[in-house]
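Undergrad: Those sequence lines, one after another, are chains P, G, U and R. Those letters in the first sequence? Residues 3 to 324, by our numbering. Those letters in the second sequence? Residues 3 to 324, by our numbering. Those letters in the third sequence? Residues 3 to 324, by our numbering. Those letters in the fourth sequence? Residues 3 to 324, by our numbering.
You can trust all of the hints, since none of them are fake.
No distinction is drawn between identical chains; accordingly, a pair holds when it is met within one copy or between any pair of copies.
When the alpha-carbon atoms are kept at most 27 Å apart in a straight line, the in silico DSS-like pairs for lysine-lysine are as follows:
#, residue 1, residue 2
1, Lys199, Lys293
2, Lys146, Lys293
3, Lys146, Lys199
Hint data in this document are derived by calculation from the structure and do not stem from the laboratory.
Listed below, chain by chain, are the residues.
4 protein chains.
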Amino acid sequence: MAEPTLWIGEPSFDLAHITHLELLTPCLEESVRFFRDVLGMVESGRRGDSVYLRGWDDYVHHTLKLTAASRAAMEHFAYRTVSPEALQRRVAMLERTGLGIGWTDGDEGHGPAYRCRTPDGHILELLYEVEWYQPTPETRPALKNQASRFPARGCNVRRLDHINLFASDVRSCRQFLQERLGFRLTEIIVFDDGSEKGAWLTVNNKGYEVAITEDQTGSRGRFHHVCYVVDTREEVLRAADICLEFGVPIEYGPHKHAVQQTVFLYVREPGGHRVEIGCPGARLVLAPDWKPIVWSQAERQRGQAWGLPTVATFHTYGTPPV
Amino acid sequence: MAEPTLWIGEPSFDLAHITHLELLTPCLEESVRFFRDVLGMVESGRRGDSVYLRGWDDYVHHTLKLTAASRAAMEHFAYRTVSPEALQRRVAMLERTGLGIGWTDGDEGHGPAYRCRTPDGHILELLYEVEWYQPTPETRPALKNQASRFPARGCNVRRLDHINLFASDVRSCRQFLQERLGFRLTEIIVFDDGSEKGAWLTVNNKGYEVAITEDQTGSRGRFHHVCYVVDTREEVLRAADICLEFGVPIEYGPHKHAVQQTVFLYVREPGGHRVEIGCPGARLVLAPDWKPIVWSQAERQRGQAWGLPTVATFHTYGTPPV
Amino acid sequence: MAEPTLWIGEPSFDLAHITHLELLTPCLEESVRFFRDVLGMVESGRRGDSVYLRGWDDYVHHTLKLTAASRAAMEHFAYRTVSPEALQRRVAMLERTGLGIGWTDGDEGHGPAYRCRTPDGHILELLYEVEWYQPTPETRPALKNQASRFPARGCNVRRLDHINLFASDVRSCRQFLQERLGFRLTEIIVFDDGSEKGAWLTVNNKGYEVAITEDQTGSRGRFHHVCYVVDTREEVLRAADICLEFGVPIEYGPHKHAVQQTVFLYVREPGGHRVEIGCPGARLVLAPDWKPIVWSQAERQRGQAWGLPTVATFHTYGTPPV
Amino acid sequence: MAEPTLWIGEPSFDLAHITHLELLTPCLEESVRFFRDVLGMVESGRRGDSVYLRGWDDYVHHTLKLTAASRAAMEHFAYRTVSPEALQRRVAMLERTGLGIGWTDGDEGHGPAYRCRTPDGHILELLYEVEWYQPTPETRPALKNQASRFPARGCNVRRLDHINLFASDVRSCRQFLQERLGFRLTEIIVFDDGSEKGAWLTVNNKGYEVAITEDQTGSRGRFHHVCYVVDTREEVLRAADICLEFGVPIEYGPHKHAVQQTVFLYVREPGGHRVEIGCPGARLVLAPDWKPIVWSQAERQRGQAWGLPTVATFHTYGTPPV
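Sequences and hints are given; from them, build the entire structure.
TA: Take a look at the structure:
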């Protein structure tokens, strides 16, 4: 296999950041309680069967939309472009791929969005117009350079950090994000047979915003997890204490990933989705000529940074469950 | 002046730890909200005009009693003895001093208590019988070796750590605690003229449980502050963030004391009392022949550990205000 | 089985704290480098085939003596009494048990010591006279209430916290420490068949200073680990980062014990001894009537606090290896 | 005054990040010892009267060049562009401003650089070609996605974060960076008379990389400070402990800025430069339409985030001293 590259094609800066995702849940109010009371997120609106939430330093109206449904699934995730023009450029490119779906009128908190599918079938929206979160008297921060008040409740997660797609075909999803949307590849797992087992991509200085890992059940288009972050590794440990107190099942961690060095705690929210409380530390990718880190099969078999083996469910459990 | 000594008289182990204090407040419900919602304490009972509270790892029924009154004052503080016999021994000694007051029937959460006065007039209770805190379904901890659930609310203070008496005469109060009650002196400030400006005393392995500092207004028997602790210095900084968000006035800090090296944040609760959120770190006094640290006038003029000058109000503001 | 009790017999306060241990190592200089450069301890002397070390806040001359030998073993551990009289009282009691060995003349850093054996054969010394550590110009602290300068090197371990004895018979060792030396039992694991699998004991306000756990190889008198502590859980994670960088094998952790709630990292020093870098947080046992926490077989099978199963080597690996 | 804007002119992404600065020092070896032993930086080369250093996670050959000179001054600072073409574009623009100086052949660790002046006279270099740091056996990291080994020495600063220019005219410097180099303005202090007292600018997702504050002595082109960062606020407190131990003068802090919310510690290195050890936390500016935060005169008079007044020397002390 050719050496993986940071960019496929010309560098572009059309995408700004991941801006939200929508999770379907079979037990809406319990899921809301988890994200609000255990994670410490702020409820910023409701419409129909949906509840909108955000971390205290997320500047947009919401980064998480929870919608009642018969089963858990990630309905879509969304990226904000850097400008209206950048949005138009990307839509034009997507329409040529056969993976475009079309425009929606928007939703609470954002304007028109263009939907497309990854090769594995995950739905991705692109949009530019967003509503900035307007604090209420209860959520107004003391410092004006902060999106809203520190909640002092539960795990106090700060902001949406990244999502992890579960894919039957990591490579095609990875190439799609790089070629069609200008994602940069920062780290990747490539096994001895050349197969890609995981890929970490970004559109900004965060080390990654989307991870794609292999679904060993062979299912297509499933969801692995969403990660909200705190500022310190200690707060990840405290999150573990809090999950223990609240009866939230801990699947894995706290420990530190070798890949990206994120300190992690994986739990299950009541609807069944895997949720990570993470700390990426001050890890930023600033080099314009970053060379993707390639992890070999042998290197991955050493487990996580401090030696913990990867939990088996990481390769098979996703939402919707199969 | 003779060199200050750890013990005055024979070593004794009659006292176990500070167990509670009662603060009078002119705005009871606001004070309760401060201790419960901002500090994260647990309300464990109410009786008449009083509300009882504790930190999540305080094992007793309460460590703080708040009582409605026309003005802020520290009504009394209380020590638990190591046994009923130790209590009797100490009462017998106190009765000979002329500073004894007499027995009370006890209160919510504890049995009979013997009251006495410090030479400056602060009221101190000794008691042995206490009610251990019984968790409710909402406060039951996941781990059985913990007094109650981690609240995940506000500053999450863990336990009562110490109080600071404000005194017109530091030396006589200090000697009283050493001679009559078996306190050990761990650190002391002695100025060039031989006057004692502050004294830190303990009855166990904590570096101190009672501090006595000079009230430069010359008032007698006032209260300087109570300190509840968190586990890390980061949590003291977070407490400052939270106080800022909740509009709680910060008087001093966060910074680190030279004396005892406690990392501190001093704020004012709505009733007017100074409250410290502190972190003593892992600082323990285990040596049976510890030599009291004597801080000279010149040394104190260097300010706190990292150089911050002591705030002027520290020498004049206490409760009741004058 | 009768319910385990805090004290066996009358409360006594004769012992002050664990003061040192001696580890035999087949590779002295490599072991020294580990404790000095990786853990950040201070070398305070050498004599013959021995090197003396301490953490930056240990007040005594040394808390660890490393001695060259053909194989790894814990030669002895030592307790300081609260007074010369307390030492005499305890020696008198030990001489009646048949487990007394006799007096030694002392060593670098301490005076005469009386040796005895636990029922499993571990050697324990009692002593009172110690030499306080005298800082050199390089180790003199900026604050006079600190034993020596913060080293800013390696893991910066603060002080000796506890040791863990490996025993063929937990109960008899536990009873010996309680009955003969006045240890208090704070936590214990008792299986359904009444067998004791682990016991945690203290002589002061620390939750424990000696742990005794069952050696499933049936060997007698082996050593499980020594623990040096840092102030925060974050520093335990950092210790894991540092051990990874220095090629120190990580056996287990970082994670949080259910028993005592210590956050732990277990590694192997070059000589083969298991070493813990731990954080006990602010966990103190102050209640004079503490009821020992009894963990059942079912409770222990749930793993550590956040769910990690106990590593198998914990039940079989000790020093000397078998 | 018109409302300050994020961009002046079209958004551009030509600059990647600040890549190094050169400090002149009258005591080279003492300055080296400070940055290496106290801050924990890595020496990566020497040439002539210069020593090159970097933080453990700086990916370039060096981020700090120290050069022996008769007095302290910031000789130049340097930005890396995102591509060779971006460098040519910017040079072409600078040549039209009259502030261009010309090309240099490069230095240890980087290729040709184009020099220009800010309106206040600070020298700024632009370059693209850099040498990535090549670890030695002693600095090779255990994890391949890390620039070099965590040093476990001193303050362990991670990477160059930002510099603060001292300027007689904040506005003209600020406008120069925005108009000519595509910097984005994220926060600014504007007094009632319309004068700009401070401006914070970035070229990537960090909240700022260059601050410009008003030099109240009226001197032109001086330097205020350089900031290296650690991952947590606790490490900033630990840096204060370490500076206290090493006799490094603390000028200000630790405390938290209201502007940008950086937790800071300001010290003086032996050569006289002000150095900040800071923690920006997870604070990122991801919004493509961020509105610069404008701090008024009244707001600034409230002091820093937790209430500490700004130290007077902040407005007058810079290098070279006057």
